[in-house]
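Colleague: Single-letter residue listing:
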Amino acid sequence: MNILVCMKQVPDTTEIKIDPVRNTLIREGVPAIVNTFDGFALEAAARLKDKDPDTKIIVVSMGPEAAKTALKECLAIAADKAYLISARAFGGSDTLATSYILYNAVKKIESIEGKFDAIFCGKQAIDGDTAQVGPELAEHLGYPQVTCGLECERNGNSLEVLQEGDVKRVIGVDLPCVVTFTKPSFDPRFPTIKRKMAANRAEIPVFTDADFADIDVERIGLKGSPTKVKKTFVPQKKTGGMIVNEGSLEASVAKLAQLLSDAHVI
Amino acid sequence: MEAMTKDLWVFVETNEDGTAKNVGIELLNPGRMLADKQGGKLVAIVIGSGCEAAVEDAAAHNADQVIVLDSPEYGNFTTDAYAAALSYLVEKYGPSSLMIGATPNGRDFGPRVSCRLKTGLTADCTSLDIDEESGKIAWTRPAFGGNLMATILCPNTFPQMGTVRPGVFKKAEPVAPHAEVVREDFHVAPEQIRTRLIRIVEEDTDEVVDLEGADIIVSGGRGVGGPEGFAPIKQLADALNATVGASRAAVDSGWISHAHQVGQTGKTVAPKLYVACGISGAIQHLAGMSGSDCIVAINKDADAPIFTVADYGIVGNLFEIVPMLAAEIQKIKG
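Here the protein sequences line up with chains Z and Y, keeping their order.
Residue 38 in the numbering used here sits at position 38 of the first sequence, and the numbers go up by one each step.
When you read off a place in the second sequence, starting at 1, and then add 266, the result is the number in the numbering used here.
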């Protein structure tokens, strides 16, 4: 089985702080990591390979040269080969333009690695949080999709995906397909020292828009993006919350219950 | 390029019993305001099977028109059938804008529709307005785990699309219906639906956890200290007839299942009352619950960030406070 995992290098949003004076995000010094959900997608691919060692796992990322670090981490964990998609012309792409570029990347990488049976993505990136690129990539490819997968198994010419929801469902989906993954009940594997060393030495081919024969440049980058960011701002913190302190805990708790009752929330 | 009409569409997702999901009806409320400002009709799109209840619900919530697709293939959600049906309707009627509830299904098929129509989609919006300058819809949404808000426009393509977070808008009071009901006939052949439900997995846990639909949530975090620490949390939840939630710290420690997790890697919730017990309030947790109507924080650390979003807080030991609060509430409820 031939699997492509799409990965985004993202700032670790748990480390992001707000500049209290300028009221803007402080991005400097924030570590860049493999998007958490993409790590779950890679783990799902690795589990398929555990069962069928003939499985080939390719990882692709669109981003700056620095994203090679994250690609190498994926190689160290489970991927067999990595590709970087990087060009100035891609900058400012929204989800529709990004998914279109990835679609072109899939076609290009398939010309080298053979056709992919499945394309795995994280449910969403933890910086943008849109959860749109996976389904949009599936649409460009004309493939069926399952979103919010937890784990999956191969069954003949289909995948059976355990899908998160109000109840968990097992969804059968024909290959080739796109599956997006969310947090499973198990922890993804860690890289071994041996794989880490090999990953550090790995060559990562880089493709630009010039490598995509059929790409329509009107559909990429800021210009090719139908959505435009009008403004960004740091959300107003709610202030004036009331600390209930009536001297003793008993009195405070009674007061709190009364306040909630008066406010008709209980 | 211009849209064929000035109409604003709200997709009203249906449950398997043919009733409307809350978020679709909620969206008719800001939808009315936006449609009036743009000078177009407010149209509810109901897709389902045996979904007359949802049609009536939409009509009673101020829609000018309800377009219905009622057929067995829409009874259980599939990406392929819903994407084909909604794309068909948009191409036939040409709305100016289209809002979809940011439910798991809405976020699954919404991007397929926008991509098929080559238009823009703004994800998981929490605020909606008209941009004065352009007259377009201003879609505002959180990013970076709730650290940053962005206002997005879709200036040149139609329809302008967005998914909108459930629970952010309140349902309007029902009115005497005036909607024109249009029944459409569009079918998706079985072979065009490329996914199938194989089985529903019975949870090994006691019950199904419906955080998104809960009116009241009582959550425990690192401060509960272990699986047995959730006992007082459950006790308070029982007293309030509430659902039990948890922070990532509690879930990652294995004290409670992931189904209970609230926050960026868990569920986004907006109940009437959210009680956070022993939760410090990491930004990822706040991103998942700060839209709640009323937030109560119980924490022994007076400097915990959770108090910055709380309406009411008590500083102290949760193992003392929580059982006391449960008893007080039972007293008030009689």
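Don't take every hint at face value.
Claimed, not checked - Cut-off 30 Å, straight-line C-alpha distance, at most; resulting in silico cross-link-like pairs (DSBU-like, lysine-lysine):
#, chain 1, residue 1, chain 2, residue 2
1, Z, Lys107, Y, Lys384
2, Y, Lys272, Y, Lys303
3, Y, Lys437, Z, Lys230
4, Y, Lys500, Z, Lys230
5, Y, Lys538, Y, Lys597
6, Y, Lys500, Z, Lys168
7, Y, Lys272, Z, Lys230
8, Y, Lys402, Y, Lys436
9, Y, Lys307, Y, Lys500
10, Z, Lys168, Y, Lys597
11, Z, Lys56, Z, Lys230
12, Z, Lys231, Y, Lys272
13, Y, Lys436, Z, Lys255
14, Y, Lys500, Y, Lys402
15, Y, Lys597, Z, Lys230
16, Y, Lys272, Y, Lys500
Read the hints as simulated data drawn from the structure, not as lab findings.
All figures in this text were calculated on a predicted structure; none of them were measured in a lab.
Colleague: Does the structure keep Z/Lys107 and Y/Lys384 at a Cα separation of 30 Å or less?
Modeller: With a Cα-Cα distance of about 20 Å, the restraint between Z/Lys107 and Y/Lys384 holds, given a limit of 30 Å.
Colleague: Taking 30 Å as the top limit, are the C-alpha atoms of Z/Lys56 and Z/Lys230 close enough?
Modeller: 42 Å, violated
Colleague: Taken at face value, is the distance from the CA of Y/Lys500 to the CA of Y/Lys272 at most 30 Å?
Modeller: 50 Å, violated
Colleague: Given the hinted pair Y/Lys500 and Z/Lys168, is their alpha-carbon gap at most 30 Å?
Modeller: 23 Å, holds
Colleague: Y/Lys436 and Z/Lys255 were given as a pair; does the straight-line alpha-carbon distance stay at or below 30 Å?
Modeller: Holds, because 28 Å separates the two Cα atoms, which is no more than 30 Å.
Colleague: Need the status of pair Y/Lys597, Z/Lys230: alpha-carbon distance at most 30 Å?
Modeller: Violated - the C-alpha atoms of Z/Lys230 and Y/Lys597 are around 51 Å apart, more than 30 Å.
Colleague: Between Y/Lys402 and Y/Lys436, is the straight-line Cα distance small enough, at 30 Å or below?
Modeller: 23 Å, holds
Colleague: Is it true that the CA of Y/Lys272 sits at most 30 Å from the CA of Y/Lys303?
Modeller: Holds, because 10 Å separates the two Cα atoms, which is no more than 30 Å.
Colleague: Under the criterion that the straight-line Cα-Cα distance not exceed 30 Å, is the pair Y/Lys500, Z/Lys230 satisfied?
Modeller: 44 Å, violated
Colleague: Quick one, are Z/Lys231 and Y/Lys272 close enough, alpha carbons at most 30 Å?
Modeller: 25 Å, holds
Colleague: Tell me if the straight-line CA distance from Z/Lys168 to Y/Lys597 falls inside 30 Å.
Modeller: 38 Å, violated
Colleague: Within a Cα-Cα threshold of 30 Å, do Y/Lys307 and Y/Lys500 meet the stated pairing?
Modeller: 47 Å, violated
Comparing the model with each earlier hint shows violations of hints 4, 9, 10, 11, 14, 15, 16; every other hint is respected.
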